[in-house]
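All chains should be built: construct the whole structure from the sequences, respecting the hints.
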Amino acid sequence: DAKTTQPTSMDCAEGRAANLPCNHSTISGNEYVYWYRQIHSQGPQYIIHGLKNNETNEMASLIITEDRKSSTLILPHATLRDTAVYYCIVRLRSFNDYKLSFGAGTTVTVRA
Amino acid sequence: GAGVSQSPSNKVTEKGKDVELRCDPISGHTALYWYRQSLGQGLEFLIYFQGNSAPDKSGLPSDRFSAERTGGSVSTLTIQRTQQEDSAVYLCASRPGLNEKLFFGSGTQLSVL
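Sequence order for the protein chains is H and F.
Residues 1 to 112 in this note's numbering are what the first sequence spells out, letter by letter.
Residues 1 to 113 in this note's numbering are what the second sequence spells out, letter by letter.
Derived from the structure by calculation, the hints contain no laboratory data.
Don't be surprised by glycine CBs; every beta carbon is placed ideally from N, CA and C.
Be aware that a few hints might be false.
[Claimed, not checked] On the chain F side, residues computed to face chain H include the following (Cβ under 8 Å):
(1) Gly42
(2) Leu91
(3) Glu100
(4) Lys101
[Stated by the list, open to error] Below, simulated DSS-like cross-link-like pairs (lysine-lysine); rule was C-alpha separation at most 27 Å, straight line:
(5) F:Lys101 / H:Lys52
(6) H:Lys69 / H:Lys52
(7) H:Lys3 / F:Lys101
(8) F:Lys17 / F:Lys57
(9) F:Lys101 / F:Lys57
(10) F:Lys11 / F:Lys57
(11) H:Lys52 / H:Lys3
(12) F:Lys57 / F:Lys15
(13) H:Lys69 / H:Lys3
(14) F:Lys57 / H:Lys3
(15) F:Lys101 / H:Lys69
Here it is, written out as structure tokens:
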């Protein structure tokens with residue numbers, strides 16, 4: 001799986017959009033970008049994933065650059081409950097792929 | 001229950017003792033995963049089950065670690081002769097057959113004194 005690079009930490013004001021960057025310059029054509037988050041003392045939670053096109057769901061939006069070498073997760077209106085570690089993962093979309101590796105992620109702190 | 005259930009939520013044990021950690025996946029989920037997360041670290045893959053079979057056990061840190069799954073449902077992770085470096089949060093996740101999303105439990109915090 002391709003390696004990802006994320007900032008160690010970032011702060012965000014409550015009610016504002018939070019934009020979380022992720023670099024994955026070695027991504028291959030059939031690898032997807034996945035985002036999970038982990039709130040303190042809980043297991044990770046799936047947020048969103050995409051291949052080429054931008055994606056949006058009830059939690060967030062995912063913007064993938066045209067060359068697919070980077071992406072941005074957008075939390076449109078951050079709340080205090082969005083404070084968590086956010087993981088960007090690049091992997092093949094294989095239902096037999098079981099080694100989902102999480103790195104250190106970005107610690108996002110939403111401040112009132 | 002609606003989610004992945006793990007028990008116990010916390011386990012304190014003495015060095016050298018054996019421990020068993022239990023995972024109840026979401027009903028109908030065929031794939032089950034165990035991960036370990038040390039303090040301030042990312043997740044470390046341990047083992048994966050598809051049904052009752054474990055295609056890859058290469059993530060298990062040593063032969064003191066073993067896991068089984070019965071009836072395609074409940075899984076048990078066993079650590080024999082625990083060491084202090086085994087202290088971590090052990091997370092279980094399950095996935096339905098054709099879905100990329102992993103659903104995680106809240107984990108078992110293991111502390112080896």
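*Minimum Cβ distance from Lys101 of chain F to chain H below 8 Å?*
holds (4 Å)
_Holds or violated: Lys11 of chain F and Lys57 of chain F, Cα atoms, limit 27 Å._
Roughly 24 Å between the alpha carbons, so the hint for Lys11 of chain F and Lys57 of chain F holds.
*Can the restraint linking Lys57 of chain F and Lys3 of chain H be considered satisfied, given a maximum Cα separation of 27 Å?*
Roughly 23 Å separates the two Cα atoms, so the pair holds.
*Given Gly42 of chain F was flagged as interface, is its beta-carbon under 8 Å from a beta-carbon of chain H?*
OK, holds: Gly42 of chain F within 8 Å of chain H, min 4 Å.
*Is the hinted pair Lys101 of chain F and Lys69 of chain H satisfied, with a Cα-Cα distance of at most 27 Å?*
holds (23 Å)
*Does Lys69 of chain H pair with Lys3 of chain H here, judged by a C-alpha cut-off of 27 Å?*
Holds. Lys69 of chain H to Lys3 of chain H sits at ~11 Å (cutoff 27 Å).
*Under the criterion of a CB-CB separation shorter than 8 Å, is Leu91 of chain F in contact with chain H as hinted?*
Check passed: Cβ of Leu91 of chain F comes within 5 Å of chain H, closer than 8 Å.
*May I ask you to test the interface hint for Glu100 of chain F with respect to chain H, counting a Cβ-Cβ separation under 8 Å as satisfied?*
holds (6 Å)
_Given hint Lys52 of chain H paired with Lys101 of chain F - CA-CA distance at most 27 Å_ = Judged against 27 Å, a Cα distance of about 18 Å means the pair holds.
*Given the hint that Lys52 of chain H pairs with Lys3 of chain H, does the C-alpha gap stay at or below 27 Å?*
Holds, at roughly 17 Å.
*Measure nothing beyond the straight line between the CA atoms of Lys3 of chain H and Lys101 of chain F; if it is 27 Å or shorter, mark the hint as holding.*
holds (20 Å)
*Within 27 Å, alpha carbon to alpha carbon, are Lys101 of chain F and Lys57 of chain F?*
Given pair Lys101 of chain F, Lys57 of chain F holds - Cα atoms ~21 Å apart, limit 27 Å.
Against the hints set out earlier in the document, no violation occurs for any number.
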